[in-house]
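Colleague: Chains as they are written, first to last, in the working numbering: chain A, 1 to 224; chain B, 1001 to 1226.
Simulated from the structure, these hints should not be mistaken for lab results.
Among the chain B residues that face chain A by a calculated CB cut under 8 Å, a handful are:
{"no.": "1", "residue": "V1072"}
{"no.": "2", "residue": "T1075"}
{"no.": "3", "residue": "P1077"}
{"no.": "4", "residue": "S1078"}
{"no.": "5", "residue": "L1079"}
{"no.": "6", "residue": "A1080"}
{"no.": "7", "residue": "S1083"}
{"no.": "8", "residue": "V1159"}
{"no.": "9", "residue": "S1160"}
{"no.": "10", "residue": "I1170"}
{"no.": "11", "residue": "K1189"}
{"no.": "12", "residue": "V1204"}
Heads up, the beta-carbon is just placed ideally off N, CA and C, and yes, glycines get one too.
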Amino acid sequence: MKTFSDAWSWLTSAAHWSGENGIGHRLTEHLWLTALCLVLSCLVALPVALVLGHLGKGGPLAVNISNVGRAVPTFAVLVLLLLTPLGTHGEWPTIIALILFAVPPLLTNAYVGMREVDRDVVRAARGMGMTGRQLLLRVELPLALPLILTGVRIAAVQLVATATLAALAGGGGLGRIITAGFNLASTPQVVAGAVLVAVFALVVEGLFEAVQRLAPRWARGGFG
Amino acid sequence: MTAPPDDCLARNDWICGAYLSSRRQILWDAVLQHLQLTAASVLLGLVIAVPLAVAARRWRWAAGPALGLTTVLYTIPSLAMFSLLLPVYGLSASIVVAGLVLYSLTLLVRNILAGLRAVPEDTRQAARGMGYGPVRLLLAVELPLAVPAAMAGLRIATVSAVSLVTVGAIVGYGGLGNLIYSGMNTYFKAQVLTASVLCVVIAVAADLALLGVQRLLTPWTRAVPS
Chain A
1 MKTFSDAWSW LTSAAHWSGE NGIGHRLTEH LWLTALCLVL SCLVALPVAL
51 VLGHLGKGGP LAVNISNVGR AVPTFAVLVL LLLTPLGTHG EWPTIIALIL
101 FAVPPLLTNA YVGMREVDRD VVRAARGMGM TGRQLLLRVE LPLALPLILT
151 GVRIAAVQLV ATATLAALAG GGGLGRIITA GFNLASTPQV VAGAVLVAVF
201 ALVVEGLFEA VQRLAPRWAR GGFG
Chain B
1001 MTAPPDDCLA RNDWICGAYL SSRRQILWDA VLQHLQLTAA SVLLGLVIAV
1051 PLAVAARRWR WAAGPALGLT TVLYTIPSLA MFSLLLPVYG LSASIVVAGL
1101 VLYSLTLLVR NILAGLRAVP EDTRQAARGM GYGPVRLLLA VELPLAVPAA
1151 MAGLRIATVS AVSLVTVGAI VGYGGLGNLI YSGMNTYFKA QVLTASVLCV
1201 VIAVAADLAL LGVQRLLTPW TRAVPS
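This is chain A alone, in the form it adopts within the complex:
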């Protein structure tokens, strides 16, 4: 218990919040990195998944990519990218690694969501004379939205977690507080950093939960 009270006093001391290595700066880095990668990976994955889902092609591919993503250690990919010529370009190895790990859940969920739209509804829309584009944007996309949002939520939480690992490979973010703590052999700092990261991840999860609860009924998948 003493460790936790030490960690608490580490967290509450003002000196640890300011400056280049301070909590404030690390938190901003983490938030910025996560948000940027979430937007980029949505831009990569969602159009592909929506079109594939609309056409009904590439389903096994989407699922397989997701499974492979689980088997490849994030940490290994980070280090591998760091050692390529890309490694000299600042944050890019981290950003690419993070996108690689956020794309599979986005892809799988969006694809499955598109495919699970009731076929009768799709046929009815076609019968009303909708073009493929109208069908995609006005019928399938709204109906698939709940699952797509779940995918975005999984991706966001995964990004927060993975951005922590960037610190192991010399990047910024909240994980840096933990690795710095290990280098200083300061258990209070390690625990304080871990608490910060865990709270941050839980807050992101909670935020998405709240957004899904507050969303209009059709966006939650409730059709009662």
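Given chain A, put chain B in place with the hints provided.
Modeller: Okay, now just chain B, sitting in the frame of chain A:
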């Protein structure tokens, strides 16, 4: 004075046969540690998950907390999880195992519970009618029928554990992750690539092995012509 050797180690190539032959022992030790950590944590997770899932199936009130708590644990990033356990276990392999057990619980409890819930009510009543008590019903009917769903969870948990062990490098017990970590600091390309590829190979091999176990455990799924 001899000229420096012109081999792939000196050139720091990504793929290097000389690395494989000269560091065979180091690689072997790392693979062994990786396998031990993975196996220990998944087996411990299974030992804890089965009673939890059975309890959640039997008492409705237990399902919410069991699922909620394990889901929250899954959200905590791995680096933070290992660090949070530091005051409890100190710098040891137990940290890595404890963290991975907590992660595997989410997947295992969820899947075993889904398997138990999917046992048809008719089947349970038939077993009761044949005079099966609650314990025998659980052991001889419900648990075996939950095996396919449980194995699906076990496979995902194992594959994830193999990749998460690498993060254990932060406390010095990361199996192949240790090689990746030291390779990063010394810019040793062959070591990083070899260790990363071995991680993926272990994950795929473990997945296939578990698939084999699943087929052995559920002969009835093959007897039915599809």
